[in-house]
Amino acid sequence: MRFEDELYAKRMFEKVVSRSIQMGTTTSCYYSSIHLGAAKILAKVCHQAGQRAFIGKCNMDRNDSLDQYKDISVEHSVQDTIQFINFVRKECSSTCHQKLESKSPHCTTAASSSNVSPRVGLEKHEGSNYSLVQPIITPRFAISCTDELLGRLGELMKTDKQLRLQTHLSESLSEIEYTKKLFPAYSTYSEVYDAFGLLTERTILAHCIHLEPSEIKLLVERGCGLSHCPTSNFNLRSGICQVQKLKAAGFDKLSLGTDVSGGYGVGILSTIRDAASAAKVLSFPDSTDPDQAGNRPQQLSIENLFYLATLGGARVCNLDDRVGNFALGKRFDGLLIQTGAAAATTLAHQNLDSTGDSVDRRFSDWILASQAEPYLDGSNPNFFVDDQKKEIDLSHLLEKFLFTGDDRNIGAVFINSVCVGGSRPLA
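According to the numbering used here, the stretch in the sequence shown is residues 1 to 427, in order.
Hints are computed from structural coordinates only; laboratory data are not their basis.
Treat each hint with caution, since some may be false.
[As the list claims (entries may be wrong)] Dumping the calculated DSS-like pairs for lysine-lysine here, alpha-carbon to alpha-carbon at most 30 Å:
| hint | residue 1 | residue 2 |
| --- | --- | --- |
| 1 | K400 | K15 |
| 2 | K217 | K280 |
| 3 | K247 | K180 |
| 4 | K124 | K161 |
| 5 | K181 | K124 |
Work the whole structure out from these sequences, hints included.
What follows is the structure, given as structure tokens:
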């Protein structure tokens, strides 16, 4: 309810986005609150900060646990959503840079408007699909929405093929049971979303822990993406998503998510570590059935984990044609990591210096400074290398960073070739 207050929303969102970037998050999918004004502010904050982001005004016209925290009506929820989509596409385009004031004329909260939002339609803005900040349809989850609201959101998805959708699916057994009670016409949780046209190749589904075989088949057929959120799942005792099982079943759009504040890790590094632990837990031998030991799921390799945190996430967001790796022609979203490895930095400097490119020269100068002073005061004491070793194995450095590194090792954060943060950002 506090996010009705625009000043509070601006203050909190600025902290969240800044911290997210400092933790190395180049692309984020945000669930804002139900308030139109707050969602607009979050979009502007991300735009000003230069973070690649999908932002959703939460849709929920049903809330059995807190009746006062829900949309006023289906029509109000849908119209606020359309207004938000139009706002983001117009005001947060890559070429539009406006100073975010405490009280922007574009940020009128739902609370300050009438009970029925003025009826508007989806607008088209050329190039908006390539902007860093984009809107995303966000029904919180099935049990927070009525049939009518889910149907109206499905119509938006059908009308506008650029729109993505994010929601939760099959997070806990009690959630599944309650969903089936609210939607008795459907035999599975996934069928509820599918019936209203919400399962497409533009859909991002968080959790997906307790899927039935028919649901896995349906989601694969629809081309949906999955965000595995192990930290949250451990914290809430929801269960463990069987990533390897889903992959074997043909689920090829898999990624990692933090699910803050269900999870307590702001950046993807803690999620990578918990994903590794989750897979290992699933691979524990069953003492009651030793004959099944060979059929246990395999743990996730370093390569698998790194993929899920990078290109996997880009695929789930349908951004893999632009970001996710350093393939020629893609946008440059990346992190410059401080490792303290003199041999590696010297080699990198030589390679960059030979190109003569002005951007590469900036990298070169930064790396030279890092080599001379690899760690500043307050640096990560858990991440260290043998500075007497002549040969540095980059794969070992990567593994060391993934499991012992933190934001102190992230020297610079680049989004769309612009340095937007880091512990030692490039000037």
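So, going through the hints one by one against the coordinates:
no.: 1; hint: K400 to K15; verdict: holds, 28 Å
no.: 2; hint: K217 to K280; verdict: holds, 25 Å
no.: 3; hint: K247 to K180; verdict: holds, 26 Å
no.: 4; hint: K124 to K161; verdict: holds, 11 Å
no.: 5; hint: K181 to K124; verdict: violated, 39 Å
Figure legend: structure checked against the earlier numbered hints; the only hint not met is number 5.
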